[in-house]
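K.L.:
Using the sequences and the accompanying hints, generate a full structural model.
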Amino acid sequence: MTTETQTLRDWLLSETPTSRRHARLAAFYKGWLTLRANHMAMIGLAIIALLLGTALFAPWLAPHDPFVQDLAFRLQPLGTEGHVLGTDSLGRDILSRMIYGSRITLYIVALVVMIAPIAGLLVGTIAGYAGGWTDIVLMRITDIFLAFPRLILALAFVAALGAGIENAVLAIALTAWPPYARMARAETLTIRSSDYISAIRLQGAGPMRIITKHIWPLCISSLIVRVTLDMAGIILAAAGLGFLGLGAQPPSPEWGAMISEGRRFILDYWWIATMPGLAIFTVSLAFNLLGDGLRDVLDPKDSSS
Amino acid sequence: MSDAISIQNLNVWFGEHNDLFQAVKNASLTVAKGASFGLVGESGSGKSTILRALTGLAPQWEGSMSINGTDLTEKRNKQFYKTVQMVFQDPYASLHPRQSVDQVLSETLTLHGFRDIDDRVNKLLLDVGLGPAFRFRYPHQLSGGQRQRIAIARALAAEPKILLLDEPTSALDVSVQAEILNLLCDLRAEHGLTYLMVSHDLAVVAHMCERAAVMQNGEIVEIIEVADMRAGRTQHDYTAQLLHASANRVT
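Chains as they are written, first to last, in this note's numbering: chain A, 1 to 305; chain B, 1001 to 1251.
None of these hints come from the bench; they were simulated from the model. Computed from a predicted model, the values in this text were never measured in an experiment. Be aware that one or more of the hints could be misleading.
Across the chosen pairs, the derived CB separations fall in these ranges [to be verified]:
#1 T190(A) - G1034(B): 37 to 47 Å
#2 E1190(B) - L189(A): 38 to 48 Å
#3 N1009(B) - R24(A): 30 to 40 Å
#4 Q1022(B) - M42(A): 35 to 45 Å
#5 K1033(B) - D10(A): 47 to 57 Å
#6 T1073(B) - T212(A): 19 to 29 Å
#7 L189(A) - Q1022(B): 18 to 28 Å
Cβ coordinates follow ideal geometry from the N, Cα and C atoms, glycine included.
P.N.:
Spelled out as structure tokens, the structure:
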């Protein structure tokens, strides 16, 4: 297919793709070009890539064991030899703890992302497409969950099931899905009456096929955008639970828990709480920037005509 | 021999309990096999609603409708979808924005239980005057006329006998309109199709159909032979008015 004179770029940008794979790659490449033109989004993507790399190679990157205590070397300031970001109240290296903490952060984000948007998408599209009583019942349930203050419900949940990362994740996911459900329902309502859905119904397609193959692909792009924008909130909620002592338990180097520990010394040894705080800030910002960029690429309203 | 389409005393409503709107009032018409029948009238006169009631997209109806002598019930079965297909008005709205031509046609063919999908997709594209080069394009890479051709290919995929055309050209440029109308004429001759065509354009109906029903405010006011229409032999004032409005273009 690619002749010698034709570069890979030309092949990807061809107006007449020759196979299914070619068409999909071409569409993907065009999206990538749009995203690449957005510098802020690329910065966000770079930070997230860095975070992923850090989490993946934590044992090689971290200069010290994050759990080893050295009480003789406690509360060292920034730039101490061997401890670039200083040490905490038990003499543990803050940089190493932050590097290992990136794993926990990613773990929480990944778990929430696997639960909340998918549950929301299911509930929202079914409610929107079925209409009638199904819609009313599902949406009232959504309203009930939406009415709970997030942190309070998470507190109650953790109190009932015990503290720990998994329960914190469940608690966050439980309070995070209703906005996705509402969004998916609103989109489904506009999509379901469109001609292309009527057309596929006239081919004899059943509701399951229409929802999964025709409505989901149109909802998913705005959902992805929304998830990346919410990522910051999820990280902050997890850090908040950690801070309250209801998320990750010591000695786990979760960023929120680290801030909580550093709080006691914040006036005299400010860096102990500030460094993990900066990490949370940077990662949240990165997800927000990427989310903004993805909105430009994925929004079906812009790319459809 | 039974008629391809027979509609008797059809009433169609939209809306719910207190807020009902009757879009079609007591409409009756029959279309013989292989014929081409037009439905004309101004916007909101209920033309398209008759098509939607036939296909089951407007669920609140009363009266009797039959296809090839089989009465239609509340639910349409697979056999119905294999016999009757529809082409929508706006080709910009009737194709899924995220699906390539190949996906649209392949899925349709799969739903109708065909096996040799690759060959059929290529043949459908040739039938509607597009080459295999268009197979993997997305709707946003196609012009309005090309999109409508894809929509027609999708309707033909099931090898139906009856095609319902809902103003198939009104969203297109004038030059493209003629192309699509000629394509529809050719396809009808080739596949022996029966057309029920909705249009607000008398010239289009005069070109495509042998008979036409004129609708006003949800009622069929007159069923007229196109030859009579050309000659100006109308029975109802409204038909005369419509004819007058599009004078010079019908004959």
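K.L.:
Would you mind marking each hint as holding or not holding in the structure?
P.N.:
Quick rundown of the hints versus the structure:
1. T190(A) - G1034(B): 37 to 47 Å: Holds, at about 39 Å.
2. E1190(B) - L189(A): 38 to 48 Å: Taking Cβ atoms as reference, E1190(B) and L189(A) lie about 40 Å apart, which means the hint holds.
3. N1009(B) - R24(A): 30 to 40 Å: violated (51 Å)
4. Q1022(B) - M42(A): 35 to 45 Å: violated (58 Å)
5. K1033(B) - D10(A): 47 to 57 Å: 52 Å Cβ-Cβ, so the 47 to 57 Å window holds.
6. T1073(B) - T212(A): 19 to 29 Å: Cβ of T1073(B) to Cβ of T212(A): about 28 Å, so the range 19 to 29 Å holds.
7. L189(A) - Q1022(B): 18 to 28 Å: Taking Cβ atoms as reference, L189(A) and Q1022(B) lie about 25 Å apart, which means the hint holds.
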